[in-house]
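Here the protein sequences line up with chains A and B, keeping their order.
Add 488 to a position in the first sequence, counting from 1, and you land on the number used in this note's numbering.
Add 34 to a position in the second sequence, counting from 1, and you land on the number used in this note's numbering.
Don't read these hints as lab results, they were simulated from the structure.
Possibly wrong hints are sitting among the right ones.
Said to hold, decoys possible - Incomplete in silico selection of chain A near chain B, CB under 8 angstroms: (1) D490; (2) R660; (3) L672; (4) S746; (5) Q750; (6) A751; (7) K759.
We put the CB at the ideal spot given by N, CA and C, even for glycine.
Listed here are the chains, written in short residue letters.
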Amino acid sequence: MDWTSWLVGTVSRALAFGVPLLWGTLGEIYAERSGVVNLGVEGMMILGAYAGFAVAQTLGHPGWGLLAAAGVGALAALWHAFLTVTLRANQYVSGLALTLFGLGLAGLLGRGWEGRPLRAPLGAVAVPVLSDVPVLGPMLFRDQTILTYLGLLLAVVLWVVLFRTRWGIAIRSVGESPATADSLGISVARVRYLCVALGGVLAGVGGGYLSVAYRPAWTEGMTAGMGWIVIALTIFSAWDPLQAIWGAFFFGALYHLSFRLQAYVSPELLKMMPYAFAILVLAASGFGRARWRARAPGALGVPYVRGER
Amino acid sequence: MAEGAREAVLLRNITKSFPGVVANDRVTFDLQPGEVHALLGENGAGKTTLMNVLYGLYRPDEGEIWVRGRRVHLRSPRDAIDLGIGMVHQHFKLVAPHGVAENVALGLSGTPFWAPARTVGRQLKELSERYGLPVDPDRRVWELSAGEQQRVEILKALIRGAQVLILDEPTSVLTPQEAGELFKVLGRMKAEGHGVIFISHKLDEVLSVADRITVMRRGRVVGTVRAEETDKAALARMMVGREVVFRLTKKACQPGEAALVVEDLHARTDRGTPALRGISLAVCRGEILGLAGVAGNGQRELVEVLTGLRRPERGRVAILGQDLTRASARRIADAGVAHVPEERIRLGIVPGLSVEENLILKKHHRPPFCRAGGLRLAAVRQFAGRAIEEYRIMTPGPRTPAKLLSGGNIQKLILARELSGNPALVIAAHPTYGLDVGATEQIREILLRQREAGAGILLVSEDLEEIMELADRIAVLFRGEIMGTVLAGEATLEEIGLMMAGERRTVAVGEER
Ligand SMILES: Nc1ncnc2c1ncn2[C@@H]1O[C@H](COP(=O)(O)OP(=O)(O)O)[C@@H](O)[C@H]1O
Ligand SMILES: [Mg+2]
């Protein structure tokens, strides 16, 4: 295998692997920017993966599958929002419960579907003209599905909305200081519900991508801890949608390398790599307190009660 | 009769209870357009609660709200804002990491969807010139002084078309000069026909700024008077319910050896910005050094460094001649330092433990309270009984959880614990903040008694009157530096105010002592 084709393959696969991380991270950034931690990303992704596969298989079209993944993700997230925003339950406990529930439910429902390839997977779109450029063409523009490009576009749009619009000011304010937003007549609960639900939609699509596009089949536990990487990436990207792009594709590359290098390094060690890195990232963000912590939303993880002193 | 037709706002028979207290008991209050109506009362009288009702944050249990002759039902602040009511809360409601313009644009109807901060920035400039409220729309809120933040809050209300402006204890974060500026702004607003509700517990300023004064006590209105028809003594009587003595008796200061010497101390805030930039000061035994300054100029960090809760970057701290820079909180306490913390409930007590357990907290591991690893309950009980009596702590019993006591009694409990065993140095941060007049008097007396017993006291307070009354010398802190030290007997309010605003005093009086 010559050097260029190795690089082309690696980058192109890293991009493909980074897509679910990107979608999930963008969603979690919005949820956390509004002040709600959702540790249920893994659960929402696996439910999305299952629903995406089942619906695409049944209806014979990947689009329906992805729509179903988004819907299921939203439902799961709304449940988290109901518990944490309305009932003011502990966000960490509720999120963990959601992950365990999602993994369990998807495993149970997916029994009969195991091992069958999807009959209508989402294909790659070769971008006209660009895909014919040597090296860069096959690297970036030939083997990607529409979700890669949509994800990148979404990151830009979500950045603009967050930092340059009325909505963005409201979302960030609710996450920093809900009492302030409340005193100006903004419904803290509504903003949080919407952001958490958006987080669910994006995590659901991220999961759906895995079973409908990336590896068009259903395998139990196929998200393989990606939801946790998403949580780390949210911090790594300092709650900034544009920075999430680099983070997602960097971890995508790590994932991919852990397959590619299997011939040379012990596979167990390689499989650990993304997670070891996630731990490193979290530890680093704890050390550089002034730099990283200062940017965490001020009211992250704290339920809002009007008039509480 | 067209009821409430003239009033900008009429609150009628408002009742609002919280578990255990009736914060407002059939309160009636009205505001005319173009007047400043002061709401005066001690801490806990129910002023903030009443205004939160008018601003739609709390729903009253009973009573009616009328705005410009119409009965209204406020479900949220949005309704109040739409009716032209604006409120500047006692604890500002600002998003600290955001820019000024973003803070003003938040939830503001009529701003464009895209880049709202830019449009609002332009409007802000115009408005701030018209009312004499200078602010820079591009600065981040956390970089602003308390006075500047207050201006942002006022502009926030004005830009929303507030006809009625509620200011909840606006002067508590200002220097006397800044307060003067604020009063001028209120004058301008009055002239433009705005009504202002001005909340305070300070008699002088209420008399100087208000047209009418309504006094509240324990959730009820005591009465409403015109400012020109009353005086300080009469207001104090209405507010407290009895005669108030304005002067404590204080013996002449007889300073002894140095209890605390601080040299060139540097430290940072939690954010990593510089908090202390070269503080040097000394407190002798038998004297009170008052540390004045607007909140957030390094007071908190200084107290934390001195009590071992924060590491200094540079400098030296010596207590009774012993170098205790970077020593642990326990070592500093063992050296004879008493700490009366600013955050009484968080740092001063263990809320769930009983009164008697809280009373022995710092000594629970030593005889006579501890023997062979076990608590000696008889000794604890005896000690607690004496402390409760001596400090007049009002508690249902020694085994009541400390969190159930009122603020004043929690503070007395802390003092009883910290002052037992006659400390050489007392570091008291805002010891009477938020307490009623009775408790305040008592705590000031306790501090004076301790001074006579030979303790050096560092008194950190935002209440200038308190500092003028208790301290022998006054040092003023501004942006982490000491602007000057003056003898209390020779200091004027104006001089201290100027130092609080950052003007350095050239001759350091009494520094050499
Ligand atoms: N959110 C709340 N929950 C419980 N008690 C409260 C609350 N707000 C105020 N109170 C109580 O109501 C009384 C009046 O408080 P407040 O209106 O803040 O007084 P003021 O503003 O005059 O100092 C106090 O006894 C206070 O403890
Ligand atoms: Mg108040």
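Each hint tested on the structure:
With a least beta-carbon distance of about 49 angstroms to chain B, the hint placing D490 of chain A at the interface is violated under the 8 angstroms criterion. At its closest, the beta carbon of R660 of chain A sits 7 angstroms from a beta carbon of chain B; the interface hint therefore holds under the 8 angstroms criterion. At a threshold of 8 angstroms, the smallest CB-CB gap from L672 of chain A to chain B is about 4 angstroms, leaving the interface hint in force. Given hint, S746 of chain A at the interface with chain B, is violated; its Cβ is 37 angstroms from that chain's nearest Cβ, farther than 8 angstroms.
Given the 8 angstroms rule on beta carbons, the hint for Q750 of chain A is violated: about 44 angstroms separates it from the nearest Cβ of chain B. Among the interface hints, the one on A751 of chain A is violated; its C-beta lies about 47 angstroms from the nearest C-beta in chain B, farther than the 8 angstroms criterion. Of the supplied interface hints, the one on K759 of chain A is violated, with its beta-carbon coming no nearer than about 38 angstroms to a beta-carbon of chain B, more than 8 angstroms.
Violated hints, in rising order: 1, 4, 5, 6, 7; the structure is consistent with all others.
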